[in-house]
Amino acid sequence: MSDLFLQVTVSGLLIGGVYALLSIGLTMIFGVVRIINFAHGELMMLAMYLTFWLHTAHGVDPYLSLLVVAPAMFAIGVAIQRLVVQPILEAPALMKVFATVGLYIALQNLALMLFTADFRTIQTPYASASFRIGAISVSEPRLYAFLCAIVMIVALWAFLKFTLVGKALRAVAENRTVSALMGIRVSRLYLLAFGVGSAITGVAGTLLLPFSYVFPTIGSIYTLVAFVVVVLGGMGNMLGAFFGGLFIGLVESFSGTYVSPAIKEAAYFVIFILVLLVRPQGLFGMGKGSEEIGLK
Amino acid sequence: MALLSVQHLSKAFGGLLAVSEVSFEIAPGEILGLIGPNGAGKTTVFNLLSGLLPPTRGAVVFDGHDITGVPTFRRSRLGIGRTFQIVRPFDGMSVLENVMAPILARERHPDQARRQALEVLGRVGLTGEAEADPKNLTLARRKRLEVARALATRPKLLLLDEVLAGLNPVEVQEALPLIRRLRDEGITIFIIEHIMAALMSVSDRVLVMDQGVLIAAGSPAEVTANPRVIEAYLGEEATGA
Amino acid sequence: MTRKLAVPLAGLAALAALPLVVTQSYLLHLVILILFYVALTAAWNILTFSGKVSFGHSAFFGLGAYASTILLVKGGVIPWIGLLAGIAMALIGALTMTVPLLRLRGPMFTLATIAYGEVLRRVAIIWRDLTAGSEGLTIPFDPGFLNMCFTSKAAYYYIFLAFAAVAVGISHWLYHSAIGFHLRATASDEEAAQALGIDTNRVQVVALMWSAGITGALGVFYAQYVYMIDPDLVFSGTLFAIQPALNGIIGGLGTVWGPVLGAVLMTPLGEFLRSYLGHVRQGLNFFIYGMALIVVVMVLPGGIISALAPLRSRLRGAGPRSPGKDVA
Chain A
1 MSDLFLQVTV
11 SGLLIGGVYA
21 LLSIGLTMIF
31 GVVRIINFAH
41 GELMMLAMYL
51 TFWLHTAHGV
61 DPYLSLLVVA
71 PAMFAIGVAI
81 QRLVVQPILE
91 APALMKVFAT
101 VGLYIALQNL
111 ALMLFTADFR
121 TIQTPYASAS
131 FRIGAISVSE
141 PRLYAFLCAI
151 VMIVALWAFL
161 KFTLVGKALR
171 AVAENRTVSA
181 LMGIRVSRLY
191 LLAFGVGSAI
201 TGVAGTLLLP
211 FSYVFPTIGS
221 IYTLVAFVVV
231 VLGGMGNMLG
241 AFFGGLFIGL
251 VESFSGTYVS
261 PAIKEAAYFV
271 IFILVLLVRP
281 QGLFGMGKGS
291 EEIGLK
Chain B
1 MALLSVQHLS
11 KAFGGLLAVS
21 EVSFEIAPGE
31 ILGLIGPNGA
41 GKTTVFNLLS
51 GLLPPTRGAV
61 VFDGHDITGV
71 PTFRRSRLGI
81 GRTFQIVRPF
91 DGMSVLENVM
101 APILARERHP
111 DQARRQALEV
121 LGRVGLTGEA
131 EADPKNLTLA
141 RRKRLEVARA
151 LATRPKLLLL
161 DEVLAGLNPV
171 EVQEALPLIR
181 RLRDEGITIF
191 IIEHIMAALM
201 SVSDRVLVMD
211 QGVLIAAGSP
221 AEVTANPRVI
231 EAYLGEEATG
241 A
Chain C
1 MTRKLAVPLA
11 GLAALAALPL
21 VVTQSYLLHL
31 VILILFYVAL
41 TAAWNILTFS
51 GKVSFGHSAF
61 FGLGAYASTI
71 LLVKGGVIPW
81 IGLLAGIAMA
91 LIGALTMTVP
101 LLRLRGPMFT
111 LATIAYGEVL
121 RRVAIIWRDL
131 TAGSEGLTIP
141 FDPGFLNMCF
151 TSKAAYYYIF
161 LAFAAVAVGI
171 SHWLYHSAIG
181 FHLRATASDE
191 EAAQALGIDT
201 NRVQVVALMW
211 SAGITGALGV
221 FYAQYVYMID
231 PDLVFSGTLF
241 AIQPALNGII
251 GGLGTVWGPV
261 LGAVLMTPLG
271 EFLRSYLGHV
281 RQGLNFFIYG
291 MALIVVVMVL
301 PGGIISALAP
311 LRSRLRGAGP
321 RSPGKDVA
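Chains as they are written, first to last, in the working numbering: chain A, 1 to 296; chain B, 1 to 241; chain C, 1 to 328.
Hints are computed from structural coordinates only; laboratory data are not their basis.
Do not rely on the hints blindly, as some may be mistaken.
Derived Cβ-Cβ restraints for the label pairs, each shown as a range [unchecked claim]:
| # | chain 1 | residue 1 | chain 2 | residue 2 | range |
| --- | --- | --- | --- | --- | --- |
| 1 | A | S130 | C | S25 | 51 to 61 angstroms |
| 2 | A | T163 | B | G14 | 23 to 33 angstroms |
| 3 | B | R181 | A | L83 | 15 to 25 angstroms |
In this text, all values refer to a predicted model and were calculated from it rather than measured experimentally.
Where a beta carbon is used, it is the ideal one built from N, C-alpha and C, also for glycine.
Make a model of the complete structure from these sequences and hints.
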């Protein structure tokens, strides 16, 4: 195997970890609350700006700022669920989508108002540092991002599998009516799911900033990436979102290197459309909730 | 020659066999009843016959044509009409418009369509409610609308899925003559019902399903006396709903 | 029949006289913009009769704009012929890309249409030989009817007025035709519609073709009005995909006049917000826009037209009040 091939694979997997995290955040929200959130990428954008501000105004190292960003994004997620989603829970799915479109327009322009359209990034001492493993060069911030993403994913998995609250979340994702009948406070769990999902998504943003830019419209592209991954992995399927994220990372890396950087995004859109046409249940089969949003 | 012939029809959902090796025939002009405890697979059979579900195995032959792979709308045009257990009138359309919709699939002139729709409404006794919003009708009248829409497609075979469910005894008694009248007009009827007395009084023959399998077939009298049938319904009244 | 036409015809006559009264260039431009969005929104709305909502109509718009402009700039083909090419390209695009997506329901269909629009935008950027990439194409200023190029704004006004009338007219005709009945049935309950003999796939394709074709044609006219096109402009999701959708949603989906109302309200509102608030802080106008959308969904899920309930059945023409008379 050529060195370039290995290099591209490694880069792809590393970014794939972040995409996986982003998409698992979406799956968390969608699986429980059953809403297609067009503003999902904006959660990432908000976290990135927050991280940027903490670093620029207060000199906080991005990985350290996770301690602030994660809870902040949790709170924002809870607020969105309570203020925007909850009042319209009974509306038809399409109307809920439109509300999230309004949200995404509002959030994007809020960022525009607060930070202007300039591309922002942060300079950390390790930003351009990298390891060498054999002939492969591994960029430090990307490696840290990947590792943190893995840690968060494992932590989430453990939370869902072993804690009482986690099991309640899974129950609601499985069947909200029965869960309610069993005494589970469904609306509380919606808040929790949105909060946790937003926090995870926000973390993905923070992990991304050291080697990427933030600007007000960056959210839209990540919303689409998240949906591509989630559909690819099987809507509502956490494991699928994980592998889907890695896969899309690889697609981006390979198409960007072997074809042209300009084609990166076109590549996964095309994959998205192909998956929807050929295998709408995703590569790993659907999790819960797919029927409600139209993938039968 | 049988109007409808069903051979070894089976439907599996993952590991669950909802319908298994069901075979029967319907003769033209008869009223065939289908009963069975909840979960027996009755509505699934209807869905298979109307084409909303593809069968896992088996074949359906209608009026001499093998319609096993034929899409739903084409089956309707071949002459299979169907009502749904939970009535589904079209949103934002009046009673008359609901009935016009299927007619417009074959009739180009809207005035003709309108005339024919009014005619159909007359047959089911809904002429007075032509301009009404289906949401404002009583359940009994919405069920009639459901039947009217299916009639508008000029079916040879009409599948009635629990068309009496939710009606009070008076309404049930009013509905039975309508069903008989439809048969007298030449429509073959296949009817699923839970209200035993009603079904038995209107059917020529009855099929009984339990857990996806056909366990009995015969005249209403034969079927009600059949020990297997009684056993399937153990715990439920054999003569009531 | 004549009574029903009286109001729209009178309105059209009044509108036709407008450029005689309004001569100030900016105001005329604003009215042209409103007419443009009325047409675009009405075209977009046709697809929603089937229950499907697209956020990717910018694909058809851009295809139309590029088809005619490329033919003009590289082949000297007059825009009136280019118009046919634009419509054809939009139809081909719809047939190849969107039709296969029709099997998806609800929000997944909407999401997939976004992807399609974005792919085309990137293709237009990359395929420099054909489209000159991000530099864009410029239409030479050579006034004359054949060139679809005019010195006076009034001429463009009449073109867009005619177009808006045609778009709304087609929309109205479709809504009240047999296809319209079938679309509404499909949108309401696809399975029940199929069980009643309605070929739901075919009617959705028909709606899509009309919707895409008119949108593509509008792209051609737009290019002729602004003289310069580039991928980020004509394939802009915000301007030509989301905006008509927003207009339609706020106005009231699935009706004929709701989207018109939406376009008439939102276009000047958007311009007003942009000129007054855009200076205060960049982004403030759209921020308010976004919040307004959330509020409308919460308070009036049926759109503004649902608040005009007593008027609604008259405007729609269909419904319990006058069956049959409007079935064209």
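For each hint, the structure was consulted:
Taking the beta carbon of each, S130 of chain A and S25 of chain C are about 58 angstroms apart, inside 51 to 61 angstroms as hinted. The beta-carbon spacing between T163 of chain A and G14 of chain B, approximately 30 angstroms, falls within the hinted interval of 23 to 33 angstroms. The hinted window of 15 to 25 angstroms between R181 of chain B and L83 of chain A is violated, with their beta carbons roughly 57 angstroms apart.
Checked against the numbered hints listed earlier, the structure breaks hint 3 alone; every other hint is satisfied.
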